[in-house]
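There are 4 protein chains.
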Amino acid sequence: MSLSTDKKLHFDNDYMAGAHPEVMRRLAETNLECTIGYGLDDYSEEARNLIRTACDAPNALVQFLVGGTQTNATVIDALLRRHEGVLSADSGHINVHESGAVEHSGHKVLVLPTRNGKVSADDVENYLRTFYQDDTYEHMVAPGILYITQPTELGTLYSLAELEALSACCHAHNIPLYLDGARLCYALGSPAADFTLPDIARLCDVFYIGGTKCGAMFGEAVVAPNPERLPHFFPLVKQHGALLAKGRLQGVQFATLFSHHLYEQIGKEAVALALQLRAAFEERGYIVAVNSPTNQQFFTLPNAVVDALLEVATFEYWGPRGETESTVRFVTSWSTLPEDVDKLIFALSQLSH
Amino acid sequence: MSLSTDKKLHFDNDYMAGAHPEVMRRLAETNLECTIGYGLDDYSEEARNLIRTACDAPNALVQFLVGGTQTNATVIDALLRRHEGVLSADSGHINVHESGAVEHSGHKVLVLPTRNGKVSADDVENYLRTFYQDDTYEHMVAPGILYITQPTELGTLYSLAELEALSACCHAHNIPLYLDGARLCYALGSPAADFTLPDIARLCDVFYIGGTKCGAMFGEAVVAPNPERLPHFFPLVKQHGALLAKGRLQGVQFATLFSHHLYEQIGKEAVALALQLRAAFEERGYIVAVNSPTNQQFFTLPNAVVDALLEVATFEYWGPRGETESTVRFVTSWSTLPEDVDKLIFALSQLSH
Amino acid sequence: MSLSTDKKLHFDNDYMAGAHPEVMRRLAETNLECTIGYGLDDYSEEARNLIRTACDAPNALVQFLVGGTQTNATVIDALLRRHEGVLSADSGHINVHESGAVEHSGHKVLVLPTRNGKVSADDVENYLRTFYQDDTYEHMVAPGILYITQPTELGTLYSLAELEALSACCHAHNIPLYLDGARLCYALGSPAADFTLPDIARLCDVFYIGGTKCGAMFGEAVVAPNPERLPHFFPLVKQHGALLAKGRLQGVQFATLFSHHLYEQIGKEAVALALQLRAAFEERGYIVAVNSPTNQQFFTLPNAVVDALLEVATFEYWGPRGETESTVRFVTSWSTLPEDVDKLIFALSQLSH
Amino acid sequence: MSLSTDKKLHFDNDYMAGAHPEVMRRLAETNLECTIGYGLDDYSEEARNLIRTACDAPNALVQFLVGGTQTNATVIDALLRRHEGVLSADSGHINVHESGAVEHSGHKVLVLPTRNGKVSADDVENYLRTFYQDDTYEHMVAPGILYITQPTELGTLYSLAELEALSACCHAHNIPLYLDGARLCYALGSPAADFTLPDIARLCDVFYIGGTKCGAMFGEAVVAPNPERLPHFFPLVKQHGALLAKGRLQGVQFATLFSHHLYEQIGKEAVALALQLRAAFEERGYIVAVNSPTNQQFFTLPNAVVDALLEVATFEYWGPRGETESTVRFVTSWSTLPEDVDKLIFALSQLSH
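Chains as they are written, first to last, in the numbering used here: chain A, 5 to 357; chain B, 5 to 357; chain C, 5 to 357; chain D, 5 to 357.
Worth double-checking, as some hints may not be accurate.
Note: identical chains are not told apart, hence a pair may lie in one copy or across any two.
[As the list claims (entries may be wrong)] The list that follows gives simulated cross-link-like pairs (lysine to aspartate or glutamate, EDC-like), each with its CA atoms no further than 16 Å apart: (1) K12 - E33; (2) K272 - D139; (3) K347 - E50; (4) K11 - E37; (5) K272 - E166; (6) K12 - E37; (7) K272 - D203; (8) K12 - D198; (9) K11 - E142; (10) K11 - D46; (11) K11 - E157.
Rather than coming from a laboratory, the hints here were simulated on the basis of the structure.
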């Protein structure tokens, strides 16, 4: 993790700044209003309705939580029966970077192999089919849901066809499909996206629309197009410590993000900057480590180039520093300015290759 | 819960508005800055240092979480060994209004009787002493910590002598004392308070300084004067879904609250308004249901009075509505205006008793 | 707990000896047979069928577990949804003497007042009705099942009418009724019993037929007359560490207990001895502390009498020893010999009162 | 799982029969004695002392539990702090065949690659070293203990040197080493064993001596040579539903197994028969699938051979049946008769290869 944050360009991650200025403006405007708590206020209801409309899911349960790890742990706990576990890419956030939050609630993460950060419907199908062929399956943790992220940890995207296949496979085996959309705006805003938010709502049983990394100060919106998928979700959210007293804060934020297409626009602009950055690296012959069409870009660079860029920008190593070259990640977000990208490209252009 | 929030005076609770204007101002000012996440930024460090100073606890571990239920569940989970439970007033928030968050982490709440919302050192001593006299105590849940709230759910305060006694009793039996300070500013700001923040830091093993109800937009600051009381707390906070990505948001807020004595001032002003309200009710011969010196006031009123006041203000029934009279609660906070209290008193004065 | 076990009469509890001789004989006879594990063998199937017949519940799920605490924790975990807790008498075994096993699985025990060790349908009805009238009920642990014991911890019995009322109340509120039958043979064998095993199967959603205290070496048989009440119970039993590899051991034992009315007979004989003992104490004017019609008898005796009887027998204090008199418990079981009771009564008769 | 158990030879597993005849004899002899419960009786104390002596660990905590899954879940829960997980071979029993019992207690299983069913000290060292080099390690589950089995799931053995290396590695990183000895007698009884029980007690922080598969009717003996490694273990055993009321049953059994070298002898005889079987297969040119020196033997056989042998014996497929050949497992135990092995070899010799 890069510690220097002074006067440099920042490409470490997509949660370095506060809230999108429009979101901040609305929080300030409504600050002194008094509303009832726990999401029962009008702003929250407005936000829920805007999300239902954007998802083309008029009956959807929409519940706001605070952060991603807590959202994953709560939803997975809600969807699984006690003897079940959650299928996930081995590189999935819940399997690696959530300090065992899923296991804290009593459930095992069942790992699937990944290619480009994605699991395949074939691998899921194979897991589900062979599981019940094993004579001892009742001594094993039953696969109870499939967890995927869109975009993935590597910034890659499931295509519509891939989502359709995963959804079909899950439903053929009667297990819910849950999509972690921590960075969903950057999926929807990618030129490579051949799916829409209504597609996701149609194919997934539960998903969440990320706020924290997508323009909100904080907050995630869990959506269950069919609310019967998440019965008694409210007390479970409370039990998981995920219920904000001042629920209207999330209402105000999501209502802003889902007005005037702000959520989409945030994604589009940030992805465009990321792809501009990628083009600049590619053009100069650097290795693109992952073929990512979203706001995370991964390059394998000579250490000298890494060191030179670290003079002007902060960004993360992706894995340990190598002996002669290292893979690094650059992330854009709503808070990335076009001139930041220009400056970084300029710095790159100054380097002898 | 009162649903009308339009154009009325609001005394429902202390989390109806957003953030104290000064806190909001600082959030807006710093909004576009980029910092590293998870509380490793300079604002968070500044806030931790200000809190250490205010507590006269220079080595304290200070960790920010988001909300009260999650803070209680996480701290209690950190302090207890697996075979232990937490002693609490039967009316304690963790025993009643947290949807079983403590049990979700595997621990039992062991209830103590209360008087005026408080547990007595005698009752704790008695519990701890007789527990180990029972031949079958190894088949029972061992009392592992004592949980208290200051002020209590009823707005009452433990005096310094009572805190000293509880602390001495806990330490004689080698169990930590944990204080829930969700409304701590309204304790410290009470004219009845004969203790200081350093007293609390001296007597408690762990406590939290409430932000959500005390001027912050959200956030609670856990303090362990001796950091060895909370080893490996950071990953546990993450595991509980209680770690905010944009940790600096809490840093900015607590740094503001602990500069220029704002935290104290918020408490003092709100309590003064609450006591003014109480005096008005008392003066007119209404029954004060709880002798509370803080920002929550409880009155038992004829239903006609309740109904008349509900025309101009929102507030909560405390328990079910009675046949002829009901107990109700009025809460002030940093967002209560002196003129709100004046208007309510005026409305009261218009009623024939 | 009485430590002396040498050459004395033993009335401490009902798990001091091994297995009923008939059970032991069958275990020895079948010892070298090889069968498949985990209860899939023919003995287990035979036992399940005998139990189904005895319960007049031909479709019942019958699953064998090893001990009582584990059975309660597993069944309760199976029946509750994550946001729910279990209603229980405050004196219930799960609330006091199971080291927090229910909480270890994430659930709260919600306590009800008791009279004579029993909860009343009125109290249950009142709890369930008022719970949902509370505006904040979604912040509280929802009552998900009712747990009762038959006989109770005090040896008392729910009458058929009381069971009918509890069952009706539970089902009106759509929550399962679960009956802990750790000592069920001593309920069924009481002259005061106005209910049968089929009554219990008709009125309870799940119950267990105790083996450990009722003639088996170990083992408890969980019965769900409607197996849909316990879906996926087998892997949950495994997950709770409650699945015996050599499942046929429980099969052999329960098949023996449920052949030739042995289970009933064990109960009847032990209760008859207990009541004979009680008559002897009553006759001599001693205080019967609990009006128990089963194998546990409680007397409040002068300490001199207690001390004199401790010369010839072992038994337990029920609560702390008093200054001049103490309450003690005498327990009979299948292993109590008529001559043991005679000897104790003789010893009693020798005392000057 | 082979279902036929009638008149055939049985090599399915090592828990098909009841108890070793000597164990059964002692259970029958002591059956009507009355003792106090929960392992506080003299038989249990005798067994604990015999085990301490056999382990050359005079101060060891020895606690009896009922079965393997429950023992693993309880010990692991006792050893881990809340933010930690358990390192295990990916093929480890806790990771595959315990229905998520470890996760039910809130802990993640962290998998290591295996060779011949074993983990290497190098892989453990590498895991532990690189874990703390990752900047984000506080967001990941910390490795808290190492879990190994001896013999492994594949019947292979860690040599003394391998155990020394694993122990040294664990202790250098300050994490306990826990050994699952479900089949420990078959490790100790192997001609390939270059370690002793005192070696295991010297190198492991906690281990368990399997009873269920090694001559007992049921029961496992947890040993912590330094009892401070398992503080408050008794209530945790109770909480996990693993405390047998009639604790003396385990005392009687383990006292028998650890008298007259019965435990050793059981292992030696069963392993000798297994190796005799292996020699017969090898001699005839069949493929030995695993180089196992213990009571489990794995062969890859033409399906015709498998089918022919299934006519006379029961045994398990190891993985799915192949198209032309399949891997199968033969297991011997204390209940395997020399003539059973002779008969199987005779059957094998009748087959044309």
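Cross-check of the supplied hints:
no., hint, result
1, K12 - E33, "neither (31 Å within a copy, 19 Å between copies)"
2, K272 - D139, "neither (50 Å within a copy, 30 Å between copies)"
3, K347 - E50, "neither (40 Å within a copy, 31 Å between copies)"
4, K11 - E37, "between (37 Å within a copy, 10 Å between copies)"
5, K272 - E166, "neither (22 Å within a copy, 56 Å between copies)"
6, K12 - E37, "between (38 Å within a copy, 11 Å between copies)"
7, K272 - D203, "neither (18 Å within a copy, 53 Å between copies)"
8, K12 - D198, "neither (35 Å within a copy, 49 Å between copies)"
9, K11 - E142, "neither (58 Å within a copy, 27 Å between copies)"
10, K11 - D46, "between (41 Å within a copy, 14 Å between copies)"
11, K11 - E157, "neither (28 Å within a copy, 47 Å between copies)"
Hints 1, 2, 3, 5, 7, 8, 9 and 11 from the list above are not met by this structure, while the remaining hints are.
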